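Colleague: The residues making up each chain are set out below.
Number of protein chains: 2
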Amino acid sequence: MAVDREQVLRAAASLLMRKSSATMDEVARAAGISRATLNRQFAGRDALVRALEELGIAECEAAAARAAVDDGPAADAVRRLVRELEPAAGLLAFLYSENQLFEGDEQNEGWTRLDARVVALFRRGQEVGEFRIDLSPVWLTEALYGLLVSAAWAICEGRVAPNDFSSNVTELLLGGAVRREK
Amino acid sequence: MAVDREQVLRAAASLLMRKSSATMDEVARAAGISRATLNRQFAGRDALVRALEELGIAECEAAAARAAVDDGPAADAVRRLVRELEPAAGLLAFLYSENQLFEGDEQNEGWTRLDARVVALFRRGQEVGEFRIDLSPVWLTEALYGLLVSAAWAICEGRVAPNDFSSNVTELLLGGAVRREK
DNA sequence: TCTCAATGAGACACTGATGTCTCATTTGAG
DNA sequence: CTCAAATGAGACATCAGTGTCTCATTGAGA
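Heads up: the protein sequence lines correspond to chains P and S, in order.
Residue 30 is where the first sequence starts when you use the working numbering, and the numbers rise one by one after that.
Residue 30 is where the second sequence starts when you use the working numbering, and the numbers rise one by one after that.
Treat the hints as calculated values from the structure; they're not laboratory data.
Check each hint, because a few of them may be wrong.
To be verified - Simulated crosslink set (EDC-like; lysine to aspartate or glutamate; CA at most 20 angstroms straight-line): (1) P:LYS48 with P:ASP99; (2) S:LYS48 with P:ASP33; (3) P:LYS48 with P:GLU186; (4) P:LYS48 with S:GLU135; (5) S:LYS48 with S:ASP75; (6) P:LYS48 with S:ASP75; (7) P:LYS48 with S:ASP100; (8) S:LYS48 with S:ASP100; (9) P:LYS48 with S:GLU127; (10) S:LYS48 with P:GLU82; (11) S:LYS48 with S:GLU186; (12) P:LYS48 with S:GLU186; (13) S:LYS48 with P:GLU135; (14) S:LYS48 with P:GLU186; (15) S:LYS48 with S:GLU127; (16) P:LYS48 with P:GLU135; (17) P:LYS48 with P:ASP75; (18) S:LYS48 with P:GLU127.
Predicted model, so just to flag it, every value in this text is computed and none were measured.
Let the sequences and hints guide you as you build the complete structure.
Modeller: Structure, rendered in structure tokens:
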């Protein structure tokens, strides 16, 4: 009888990723509940988006923890991170387009924490000599987000194969498009 | 006295890139005109977005033409393309988040044409041996869009330096993050 | 200077989404 | 089985955004 909030959030994310302008009624229907119940769980659309934001942050931080981004070679850490981040990519794609979240006076500090971890990863790779130094860690972090979102979208629209998600993002981010001999 | 439609579109794009939920009233104020005039120029918000889409397509195609994407080494063509695309990146970022444009029954064929040109560029690079073949041209195209949007956003929020736009996108897309000896 | 088209300002009704409420029904625990 | 809590369905008022209209004002060209 009790509604599973997380299941509702996942259904909402799945719908909002494809149609960010979906109505609360559509979200409720997609989650298999009534609009009344949806409003009982989340007081208003804003609260729903905030909850999705919290879920996204939690999933990303959990992914970073599972990937152990501070251990081993930085390149391998990036590969693990991307692989662990794949399930959250759809949610990330929605939040990425919800720039309403960032235009306010203050953004959720969870993003700050997450950014710090990823930036630290790229900086570590630079200091060890694995990554080039002419691309700033901040830009590499932003690029990682962008590639994750692009890949999620491209897969969602059937332009690229779902199985290639991880390798597509990782290979392009680390190796680039230019062919290397050897 | 006569309103410059293109100037209005640019002001609208500049605002909508930062706040995609901006009101028609806000858009009009940002463009320095009244809401009545805005509605005289663009019959409704939908028409405004469509006009922005047309402008974006036109700018991208003009950039592709200026960059002569079919001439010379593919890597250099990509560099030229990114450089020419920079002024349109902001508009592209807005359109990218306006997934409402793609969820309809039919998307503007301008995107199809543009995609075809960029895909052809990457495919040419692969056939010549410049680009690696384990990343599909379609994915490289999507990644290019994603990096352009990421870079535009990061600059808009002051996270990276505006001057680094072209090199950031180009270097990461072509070379990747991993450092190469010589 | 005169004229007329275009603009700005404001009022107006309309639409769609939203949030809240009620009540019948269902579900799960005791 | 019984009952309390939660849900679903629907009605309702509210509100913000939108599109349209009118009218006074502006400005460029004849």
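Colleague: Please name the hints from earlier in the document that this structure breaks, with their numbers sorted from lowest to highest.
Modeller: 1, 2, 7, 8, 12, 14, 16
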